[in-house]
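Following the hints, put chain B in place on chain A, whose structure we already have.
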Amino acid sequence: MTNTYTVYQLTRYISDLFELDPALQDVWVEGEVSNFTRASSGHLYFTLKDDKSELRCVMWRSQAELLPFDPQHGDAILAHGQVTVYEARGQYQLTCDILQPAGVGDLNRQFELLKARLEAEGLFDVDRKRPIPVFPRRIGVVTSPTTAAFQDIQNVIRRRFPLLDVILSPALVQGKDAPPQIVAAIERLNAHTDADVILVARGGGSLEDLWCFNDETVVRAVAASRIPVVTGVGHEIDFTLVDFAADQRAPTPSAAAELVTPDGVILRSTIRDLSAQLADSLTAALDDCRRALESSGRVLDRLSPLNRIQNARQRVDDLAARIDAFTRHGLARRRDRLQARIDALNAANPTALLARGYAIVTRAGDGHRVSSAHDADAGTRLLIALHDGRLTADVRQRETDT
Amino acid sequence: MSDDAAHTDLTFEQAFAQLEEIVARLESGDLTLEESVTLYEQGQTLARLCGTLLDTAELRVQQISDDGTLSPLA
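Protein chains in written order, with our numbering: chain A, 19 to 420; chain B, 95 to 168.
No false leads were slipped in.
So, partial list: chain A residues that the calculated Cβ filter (under 7 angstroms) puts toward chain B:
#, residue
1, L181
2, Q295
3, L300
Listed below are several chain B residues computed to face chain A (Cβ distance under 8 angstroms; list not exhaustive):
#, residue
4, F106
5, V131
6, D160
7, G162
The following label-pair restraints were derived from C-beta to C-beta distances:
#, chain 1, residue 1, chain 2, residue 2, range
8, B, S122, A, R155, 28 to 34 angstroms
9, A, E205, B, E129, 48 to 54 angstroms
10, B, T163, A, G92, 53 to 59 angstroms
Honestly, the hints are just simulated from the structure, not real lab data.
This structure is a prediction, so every number in the text was calculated from the model and none was measured.
Glycine included, each C-beta is placed from N, C-alpha and C at the ideal position.
Chain A extracted, bound-state conformation:
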């Protein structure tokens, strides 16, 4: 007994031994959970055991909060951490930083556990989803600049709707450094730009390659983004947790780019349609005016004095015709009456009598018309007028009836 330690000194000594042994500072242990308690401080205390031994374990609140599941009594789990000494009790323990379900501790199991927890928290709720603007002016892209995914996105946007800005917010999209970089890239766009939408994109890869998109911090950053987020991670069949947190999920980076851009071809045809509608509307308006004009013209025609003038002209013609007819009638009648008189006159013409054998006898001496036997004595020279000449005769004898 050359040296005596205090209890504390010995405990410190042992504690130092543990801390100097690298094997004890980075250790994986598998066992069954018992005596699990979550203290009001948030720290977890439990025991891992197998059929031969027991190990006391602790997980501090800072890690415990990130734990995607609650270990249950009897669960087989895989724990990672450092072996340390709890000096107050002189007990060694495993200070855990990772806990995984053992046996089912594959990536799928973790995925389902984290998904269930975030879902229960409401991070994937449908009513959290925001609409994607129809005509974005700025699109933030979170991806690695060297990837095919970024080229695909640019090509799709250039082809469909090049009327916008693309802002690349670069981040590793694979490996353990990827989650903090993706989170920072999303936050950078939110803090410094007025992008209308953010694409979080990565091309296809193995389940492990895409794992950073199942990282809880990344999922939370997507959910917390002020700017709506569209994800395009992996291929059609790949679903990552960011897909559930995003406002919209597209199956690939190219599909995500299509989803956030209007189709230029359709837009052009829509513009042509609108232009044609304009022309149709104007033509219709012109037709309306023309019809109204024609209708007014007809009304005007009806009210025109031309009609009255024509009416008056017709009456004049009518009167003229009547005057003419009247005049013709009058003339005919007069002609008839004249003819009658001429006939009467003719009937009274002595010449006609002479023609029928009568004669006019006058005394040659004094021209006295002889109409009586008393008018001439024997010896009186008489002139006898016949219808075609005259005779001179001397009376030889006079005989009177009275």
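Relative to the frame of chain A, chain B by itself:
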């Protein structure tokens, strides 16, 4: 194309929205012929502008750095 020049400060979105509005107004009727002709001309100018914007646009690609500054990306 001096008509178009007067509208060059419009974004595609604005021009497109105005075009749709003008078509709707023109189709609603109830306008004087002069108003119709004016709207028609405005509409066709906007349609031309939309097409020109689409045809001549060149995608601008920038990169944002940690401190938020933007720089063109080749």
